[in-house]
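Chemist: Going line by line, the protein sequences match chains A and B.
Here this note's numbering is used: the first sequence runs in plain steps of one and ends on residue 1569.
Here this note's numbering is used: the second sequence runs in plain steps of one and ends on residue 433.
Treat the hints loosely; a few may be bogus.
[Unchecked claim] Calculated cross-link-like contacts (lysine-lysine; reagent style PhoX-like; alpha-carbon spacing at most 20 Å):
id: 1; chain 1: B; residue 1: K158; chain 2: B; residue 2: K139
id: 2; chain 1: B; residue 1: K297; chain 2: B; residue 2: K307
id: 3; chain 1: B; residue 1: K307; chain 2: B; residue 2: K349
id: 4; chain 1: B; residue 1: K158; chain 2: B; residue 2: K86
id: 5; chain 1: B; residue 1: K86; chain 2: A; residue 2: K1507
id: 6; chain 1: B; residue 1: K134; chain 2: B; residue 2: K86
id: 7; chain 1: B; residue 1: K244; chain 2: A; residue 2: K1507
id: 8; chain 1: B; residue 1: K244; chain 2: B; residue 2: K230
id: 9; chain 1: A; residue 1: K1507; chain 2: B; residue 2: K194
Rather than coming from a laboratory, the hints here were simulated on the basis of the structure.
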Amino acid sequence: MTVVVIGKLSDIPRQGARCVVTPCGRIAVFRTAEDHVFALEDRCPHKGGPLSQGIVHGGAVTCPLHNMVISLETGYATGADEGQVRTFRLQIDGETILIDTTSLETLAA
Amino acid sequence: MAAVAALPDDAEICGCNGVCKGKIVGAIKAKGLTSLEQVRAHTKASASCGTCTHLVEQVMALTLGDAYNPTAVQPMCGCTSLSHNDVRRLIKAKGLKAIPEVMQQLEWASSGGCHKCRPALNYYLVADWPNEYADDYQSRFINERVHANIQKDGTYSVVPRMWGGVTSASELRAIADVVDKFAIPTVKVTGGQRIDLLGVAKEDLPGVWSELGKAGFVSGHAYAKGVRTVKTCVGSDWCRFGTQDSTGLGIRIEKFMWGSWTPAKVKMGVSGCPRNCAEATCKDVGIICVDSGYEIHFAGAAGLDIKGTEVLGSVKSEDEALEHVVALVQMYREQGHYLERIYKWTKRRDRRNPPADHGRYGEAQGLFRPLRLQPEVRAGRPVVRARLGQG
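Construct the entire structure; sequences and hints are all you get.
Modeler: Shown next, in the form of C-alpha cells:
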C-alpha cells in the first residue's frame, strides 16, 4: 500500500470537507463532529453534484444539488434512494491525514 | 377529491420531478406506503418545491381510504416529533443557545440533525439570541457560505447588490471588467432589478468578490433566507405621475435592512403611484406612494403562489414608512417558521384570528398602530440585526 500525505485534520472544518484534486478527479475529505475522517469521490451518484459542499450531519452528507443523503462510511445513498460513490482508504497519523493511492486509478476521469 | 379521482393514471401530479398519478398509486400499493414522507422518499412526488403536496395527499386518501391518517402536527423534520412552533418556543423557554444543546435537550433522534433542521435551528438561534449566539457556518447551505448560487454543474452565479435597482456607468464598467477578467460566460438581468454573473468557478469566487468589493459592491444575497431586494419605479425624481420619491425610499429601506437573516427570503417593492410599476402589490412587503403619503402592503406572493397584498395601513412620512416596514419584518423574524414566507406566516396568524375586514386589514388584525423605533435602531445600529458571515 502506498500512502501520500494530503493534509492535517485541522485543515478541515468540523462537519465540513476539503478537496484533494488528483489527475483522475476530485476527492472530498470529510471531517465529522466527532473528528472521524472519510474520503469519497466528490461526485453525487444522482447528477454529479459536489458532495464536498453539502451539509455534513452525523455520518452522512446531503448533496447541495438535490438533497440526496450519502453515507460517509459506505458511499451509499441512504433511505429509498439508490446509488453509490467510490470511497478511499485514509490513514490517520496523529494530526496528519494520508490517503492510500492504490485505489485512485479507479476514479472516474 | 372527485377531481383527483377522475384523473387518469398518466396525469402529472408533481411537475418538479415528473411523477404521475399512476406512479404514486402504484408505489403506495406495491410498497405499503402510509405517510407523506414515505411517498416523497419513494416517488419524489412533492419532494422538491412542495406545491403539489395537497394533491399528493388527496391521491393518498383516494388510495388508502380510511387507512390514511395525516398527522395533525407537522414535525420539523425526521429528527424530531416537535413542530417548528414547539422548537421556537422551547428555545426561548429553556434558554437554549447552541445547536448541540437544542438537540440534546429536545431529544433529537439523530446525531447532528439533518439538512432540514440544522439551517432552521441556526436561524432560530441567530434571531433569538442577537449578539450572543455565534453563527454556525457549517449549518448553512453552501450558497450562504460562499455568497453565490450553486448551479447544476457546480459553478456559481454572483449577484452584486444594486440598491433599489439603480446603478451607474462606473458600476457597470466594474461589472464588465470582472466578467472579462474571469471569462464569465453569462450575464443576465434579474427580476430583482440587478445583474447576475453565471458560470463562475468556485475557486474564482474570492477573486470575483474582491474585484467587486474594490468597486464598492456588496453581496446582493440572491441566495439568502434574508432580505433580498427592494424593487422601485422612478417616482417623483423623473416620472410625470410620481407622487413621492419611490426610488429614494426603496434605496433607503434596502440600505437599512440588507444583511438581515429572516425565516425565508424577503422581497420588497416601492411604487411611486397607484399605477404600481414596481409591482409592490405582490411582494412580501410593498409600498404604494400616494399624494398624502405611503400605503404599506404586505403578504403578497408571486412565485409558487400568486397572491395580492394585504394593506397594513397608511402613514404620512418616509420615516414612518421605514419604521413600520422594519417593525413588521422584525415581528416576522421572531414568529415565522424557517422557510415560511411572510404570506404563509400571515395565513397562519389569520387562522387564529380571522380578519373581519380585508379593507382595513392591518387595523382589524391589530397589526397597525403608530410605531416608534428605539433611537439606536433608527440610527442604523439595530441590536437585533445579525451580520452576514464572511465564510
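Chemist: None of the hints should be skipped; say for each whether it holds.
Modeler: Hints versus structure:
A C-alpha spacing of about 19 Å is found between B:K158 and B:K139, which places the hinted pair at or below 20 Å, so the restraint holds. Note on B:K297 and B:K307: the hinted pairing holds, with a Cα-Cα distance of about 16 Å set against a maximum of 20 Å. For the proposed pair B:K307 and B:K349, the alpha carbon gap of about 16 Å is at most 20 Å, so the pair holds. Distance check on the hinted pair: B:K158 and B:K86 sit about 16 Å apart at the alpha-carbon level, within 20 Å; holds.
A threshold of 20 Å between alpha carbons decides the hint, and for B:K86 with A:K1507 the separation of about 15 Å falls inside it, so the pair holds. Simply put, B:K134 and B:K86 have alpha-carbon atoms about 35 Å apart, too far for the 20 Å limit, and the pair is violated. Taking the CA atoms of B:K244 and A:K1507, the gap is about 18 Å. The hint holds against a cut of 20 Å. Proposed proximity of B:K244 and B:K230 is supported: the alpha carbons are some 19 Å apart, at most 20 Å.
With a CA separation close to 8 Å, the supplied pair A:K1507 and B:K194 stays within the 20 Å bound.
Going through the hint list in order, the structure does not satisfy hint 6, though it satisfies all others.
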